[in-house]
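Asker: Chains A and B are the protein sequences, given in the same order. When we follow my numbering, the leftmost residue of the first sequence carries the number 412, and every step to the right adds one. When we follow my numbering, the leftmost residue of the second sequence carries the number 412, and every step to the right adds one.
I should point out that these hints are in silico values taken from the structure, not numbers from a laboratory. Keep in mind that this is a model prediction, so the values were computed, not measured. Each hint should be verified, as a subset may be incorrect.
Because identical chains share one entry, a pair is satisfied inside a single copy or across any pair of copies.
Claimed, not checked - Pairs of lysine-lysine, DSS-like flavour, derived with a Cα cap of 25 Å: (1) Lys-458 - Lys-590; (2) Lys-657 - Lys-514; (3) Lys-514 - Lys-592; (4) Lys-472 - Lys-590; (5) Lys-514 - Lys-590; (6) Lys-458 - Lys-657; (7) Lys-472 - Lys-592; (8) Lys-590 - Lys-657.
Protein chains: 2
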Amino acid sequence: MEPPTIGIIGGMGPQAGLDLAAKVIAETNAARDQEHLPMALLSYSHKIGDRSAYVFGEITKNPGFAIASVARTLAGLGVRVAGIPCNSAHAPEIFNALTSSLKDVNIRILHLIQETIRYTQEALPGITQIGCLSTLSVHRLGLYQSAVERAGLTPIMPSNEIAEHVVHRAIFDPTFGIKAKSAPVTPQAREMVLSAVRTCCDLGAEAVILGCTELPLAVPHMPDVTLIDPARALARALIRESSPQKLAPL
Amino acid sequence: MEPPTIGIIGGMGPQAGLDLAAKVIAETNAARDQEHLPMALLSYSHKIGDRSAYVFGEITKNPGFAIASVARTLAGLGVRVAGIPCNSAHAPEIFNALTSSLKDVNIRILHLIQETIRYTQEALPGITQIGCLSTLSVHRLGLYQSAVERAGLTPIMPSNEIAEHVVHRAIFDPTFGIKAKSAPVTPQAREMVLSAVRTCCDLGAEAVILGCTELPLAVPHMPDVTLIDPARALARALIRESSPQKLAPL
Numbered sequence: 412m413e414p415p416t417i418g419i420i421g422g423m424g425p426q427a428g429l430d431l432a433a434k435v436i437a438e439t440n441a442a443r444d445q446e447h448l449p450m451a452l453l454s455y456s457h458k459i460g461d462r463s464a465y466v467f468g469e470i471t472k473n474p475g476f477a478i479a480s481v482a483r484t485l486a487g488l489g490v491r492v493a494g495i496p497c498n499s500a501h502a503p504e505i506f507n508a509l510t511s512s513l514k515d516v517n518i519r520i521l522h523l524i525q526e527t528i529r530y531t532q533e534a535l536p537g538i539t540q541i542g543c544l545s546t547l548s549v550h551r552l553g554l555y556q557s558a559v560e561r562a563g564l565t566p567i568m569p570s571n572e573i574a575e576h577v578v579h580r581a582i583f584d585p586t587f588g589i590k591a592k593s594a595p596v597t598p599q600a601r602e603m604v605l606s607a608v609r610t611c612c613d614l615g616a617e618a619v620i621l622g623c624t625e626l627p628l629a630v631p632h633m634p635d636v637t638l639i640d641p642a643r644a645l646a647r648a649l650i651r652e653s654s655p656q657k658l659a660p661l
Numbered sequence: 412m413e414p415p416t417i418g419i420i421g422g423m424g425p426q427a428g429l430d431l432a433a434k435v436i437a438e439t440n441a442a443r444d445q446e447h448l449p450m451a452l453l454s455y456s457h458k459i460g461d462r463s464a465y466v467f468g469e470i471t472k473n474p475g476f477a478i479a480s481v482a483r484t485l486a487g488l489g490v491r492v493a494g495i496p497c498n499s500a501h502a503p504e505i506f507n508a509l510t511s512s513l514k515d516v517n518i519r520i521l522h523l524i525q526e527t528i529r530y531t532q533e534a535l536p537g538i539t540q541i542g543c544l545s546t547l548s549v550h551r552l553g554l555y556q557s558a559v560e561r562a563g564l565t566p567i568m569p570s571n572e573i574a575e576h577v578v579h580r581a582i583f584d585p586t587f588g589i590k591a592k593s594a595p596v597t598p599q600a601r602e603m604v605l606s607a608v609r610t611c612c613d614l615g616a617e618a619v620i621l622g623c624t625e626l627p628l629a630v631p632h633m634p635d636v637t638l639i640d641p642a643r644a645l646a647r648a649l650i651r652e653s654s655p656q657k658l659a660p661l
């Protein structure tokens with residue numbers, strides 16, 4: 412029997428789609444090409460409006476409907492489980508529009524933020540104080556904060572000042588930000604992300620969620636801090652839900 | 412009007428598909444997510460037999476037919492131009508089986524090796540001595556050698572000894588090879604690739620084609636040697652043939 416195909420709704424941004432696909436490959440037990448899991452990645456950036464702009468009321472068209480149309484195309488390819496590597500797309504207004512317009516479609520969209528919390532509980536049992544860094548839209552909506560709370564853990568949030576002028580700026584600044592310069596990330600952006608992680612630790616965080624796909628590009632590892640990468644959590648969840656026997660050990 | 416979707420027949424190996432997709436993104440003129448080109452990547456490794464094994468007569472089923480079935484699926488998504496980031500898949504026996512079984516399908520498969528030569532002539536006019544490094548199957552078939560000759564240029568080939576015991580081994584050795592350890596590449600594999608490039612230069616090469624998707628992972632840049640990356644050439648050709656106005660300058 413053929414293994415089920417993993418779906419990725421990419422393009423938000425395009426690099427984040429590839430990053431999730433790379434993590435699916437890295438988390439799969441496979442020694443040869445032929446042992447890897449089938450994967451379909453549709454990177455249809457041009458169809459999907461800016462998620463943060465919608466959350467902030469700057470555009471009125473809900474991007475959830477365009478995301479749903481990509482999911483429908485994936486379902487047509489036989490995909491039954493898919494993921495969206497974009498934190499802002501998991502804002503309830505967008506994610507609910509998506510799931511409600513997929514009611515009649517045989518596909519499940521795994522939830523990036525819920526899977527990150529599940530991964531945290533499985534991979535880091537006993538840790539309760541979780542730092543949450545993200546873009547400003549995800550921060551203001553409290554997406555990670557409320558998910559951590561619902562899991563009975565304690566979110567450690569940076570101040571609004573740090574969320575806006577340190578984390579968000581490190582991602583979006585047009586001259587030195589990670590979106591503008593990612594290969595390599597500028598020392599200035601890297602320092603800003605490191606300082607935000609340290610602030611969470613000073614406030615008591617035992618591990619820190621890097622809740623924006625750009626953040627792990629700036630700080631893939633820190634010797635003395637446990638970092639949680641939502642894309643890795645989602646990659647593992649996609650394998651778990653489609654071919655669990657292929658999931659590499661933690 | 413919607414821009415045409417770029418197709419990638421991936422999974423040979425899975426990382427090479429992502430590498431080509433990353434180069435399409437990098438070579439596209441786009442400042443925002445929404446300005447990127449639509450791209451569909453099907454990574455169906457499990458369906459496609461080993462290309463080198465077929466070329467060497469170790470398996471009898473021509474992988475060209477499985478590659479064609481993926482191309483047909485891409486055509487069903489509206490893709491009219493696609494690429495295959497695998498040098499061995501361009502062995503004439505495989506590529507001809509592919510194109511002949513796509514006769515009734517409205518999709519064009521760009522040719523990785525021909526596009527690499529075209530890129531070399533456009534990007535490096537005046538250079539005539541071209542080093543050609545590759546896996547052993549591509550080397551033995553002379554795929555780059557004959558394509559360089561047909562373009563009126565002079566191929567500079569490593570000896571069979573170096574092709575097998577240096578280049579091929581740097582890629583495939585199970586303990587230190589690039590396929591086994593790519594993040595990061597081991598110093599031993601990197602040194603072997605560097606020495607093969609230097610050998611080509613000593614033989615008179617003015618530029619060196621890294622004709623295997625693993626080789627640029629080991630040696631992305633050299634300060635004093637012009638390296639040619641076929642995946643970059645194919646990425647640019649895919650943009651040129653679908654949305655030429657979006658192609659970034661060389």
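Asker: Does each hint hold? Answer for all of them.
Answerer: Here's how the hints hold up against the structure:
1. Proximity of Lys-458 to Lys-590 under the C-alpha cut-off of 25 Å is restricted to the intra-copy arrangement: shortest distance 20 Å within a copy versus 36 Å between copies.
2. Taking CA atoms no more than 25 Å apart as the test, Lys-657 paired with Lys-514 passes in neither setting, with 29 Å inside one copy and 37 Å between copies.
3. Taking identical chains as interchangeable, the C-alpha atoms of Lys-514 and Lys-592 are never at most 25 Å apart, the minima being 39 Å within one chain and 43 Å between chains.
4. In this assembly of identical chains, Lys-472 and Lys-590 lie within 25 Å of each other by CA distance solely inside one copy; the values are 24 Å within and 45 Å between copies.
5. Proximity of Lys-514 to Lys-590 under the C-alpha cut-off of 25 Å is found in neither arrangement, the shortest distances being 34 Å within a copy and 42 Å between copies.
6. For the identical chains of this complex, Lys-458 and Lys-657 are inter-copy neighbours only, at 17 Å across copies versus 33 Å inside a copy, given an alpha-carbon limit of 25 Å.
7. Taking the shortest alpha-carbon separations for Lys-472 and Lys-592, neither the intra-copy value of 29 Å nor the inter-copy value of 45 Å comes in at or below 25 Å.
8. Taking the shortest Cα distances, Lys-590 and Lys-657 sit within 25 Å of each other only across copies (19 Å), while inside one copy they are farther apart (33 Å).
This entry does not satisfy hints 2, 3, 5, 7, going by the numbered hints stated previously.
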